[in-house]
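Since chain A is already given, all that's left is putting chain B on it; use the hints.
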Amino acid sequence: MAVSVTAKSVMQRPRHLLGIESLTAEQITFFLDQAKPFQEFQRHPLKKLATLRGKTVALAFFEPSTRTRISFATAAARLGADTMNLQAESSSLKKGESLIDTVWTLEAMRPDGIVIRHSASGAPDFIARRLEIPVMNAGDGTHEHPTQALLDALTIRDRKGRLENLRVTILGDLLHSRVARSNIHLLSRFGAQFTLCGPAMWLPKELECLAPNIRRVAQIEKALEGADVVMVLRVQSERIHEPPISMDDYILRYQLTPARLRYAEPDAIVLHPGPIIRGLEIDPAVADGPQSCILEQVTNGLAVRMALLFHLVSGAPPDAPHPAKETPA
Amino acid sequence: MRVIEKRQLMAPEEIDRTLQRLAHEIVEKSGGTSNVVLIGVRRRGVPLAQRLAKSIKRSANVEIPVGTLDITLYRDDLSTVASQPVIQANDIPFTVDNRDIVLIDDVLYTGRTARAAMNGLFDLGRPKRIRMLVLIDRGHRELPIEATFIGRTVTTSDSEIIEVRLMEIDNEERVMLVDRVD
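First to last, the protein sequences are chains A and B. Residue 1 is where the first sequence starts when you use this note's numbering, and the numbers rise one by one after that. Residue 1 is where the second sequence starts when you use this note's numbering, and the numbers rise one by one after that.
There's no promise every hint is true.
Restricting the straight-line Cα-Cα distance to at most 25 Å, the calculated cross-link-like pairs of lysine-lysine (BS3-like) are [unchecked claim]: (1) B/K6 to B/K29; (2) B/K128 to B/K57; (3) B/K128 to B/K6; (4) B/K128 to A/K47; (5) A/K36 to A/K160; (6) A/K48 to B/K128.
Derived from the structure by calculation, the hints contain no laboratory data.
One chain only, chain A, in its complex shape (with noise of 0.2 Å):
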């Protein structure tokens, strides 16, 4: 009588999503790999599960956004899952609560998971040390913006088919941008070689020590030269006080242009966070080109997020036995 004992090596999943700097390369293609259904899931005509009926996912912005926190709410809408909504402009904060006591009031409400944006880097980790519920971070300072990495991945995967050994430039304000760290973060899992432009002051050597594999360029020609993917970031004048540069300067030594664009690779692509400005980092021409993935970016965001939230917030406390067969047959 032949035994078979069954017994299977699980990856450790995350907990919580508080950056990708914490994350392994498997841990990252899991995601990516799991983000895959939901993305044919959009070009459904019914787009309503019922996975996390009952559930409900509490959205604490505490810094404006518009694009990230309609994609959670919609991640979580589509499964099943009800949002708790608390927005900077219009919440207590605004009469001086602190961000422990909001998360804590937030948490009697007895969500499933939280979404936290917050102007301070570390928020997200501050209130994970003090919750029994999952974290995901949507965005801390100047930080990390996991989310945002793991679906400009997704994206960088469907258009080059691999995100293995991927030559990079970024440009804009990198001292500002949690994409850009955790984009870093990210790619150099998969042996990336970034090469950094913008004014310089937006461009401290400290970011080299981000991963191996950095160097910073001063000139945008020569930046894009052999670049496969092409970040273009956002001028983020709410984070500047004193521009360095007048926007005038700006558009003639760094706007992405199509003459510029030609110093890639001819099958470079084009990535940015969004929301656009068009005319000012990026030529219309060039954002609304064949190598843009500007708008795949956004939808690839839902997917993305639903199997974020589907899990993190599904499931039974963490001590719940693991299920003992892929399928009821």
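Chain B in isolation, oriented as in the chain A frame:
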């Protein structure tokens, strides 16, 4: 948990014969195959659907469209597990609206997979009819669901498990009755 193989229920040639018979039944009982599509439930319903389509092609010379359905998002036990099962993509390259669907799985047990699969299909459109085909019906239903096409009915106890092993997935071909022992 350990499991012990108790006995073999089907050898490779029996699986093959059974599928050929089921393929004939689909053609006979469908009143024309022009609207019929086969949808295999991941994982082992998928190779079964493909084999049935091949068999129908051989005997009746018609191409039946084949699709693949993943039911993970429709399971009713997700909130009881700590770590979620991995989701796979559907692969249904045709509309299900007005189609005569034969849903295919290896084993029919509680009926909960069939319920999940039907919910999944409804999200894709409005089929004209859904019937179910299984290689093994092992009883113990927990929902009012029955299969139209059954390879073999097997009486089982609660602790027993039917293991359908197919070349395409398991690198071997047979159906085993196994039992859990503590």
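Holds or violated: B/K6 and B/K29, Cα atoms, limit 25 Å.
Outside the cut-off at roughly 35 Å; violated.
Holds or violated: B/K128 to B/K57, with C-alpha atoms at most 25 Å apart
holds (23 Å)
Would the pair B/K128 and B/K6 pass a check requiring their Cα atoms to be no farther apart than 25 Å?
violated (41 Å)
Against the 25 Å threshold, does the CA-CA distance of A/K48 and B/K128 hold or violate the hint?
holds (21 Å)
Given pair status - A/K160, A/K36, alpha carbons within 25 Å
Measuring from Cα to Cα gives roughly 15 Å; hence the hint holds.
If you draw a straight line from the CA of B/K128 to the CA of A/K47, is it 25 Å or shorter?
holds (21 Å)
Hint compliance for this structure: hints 1 and 3 are not met, and every other hint is.
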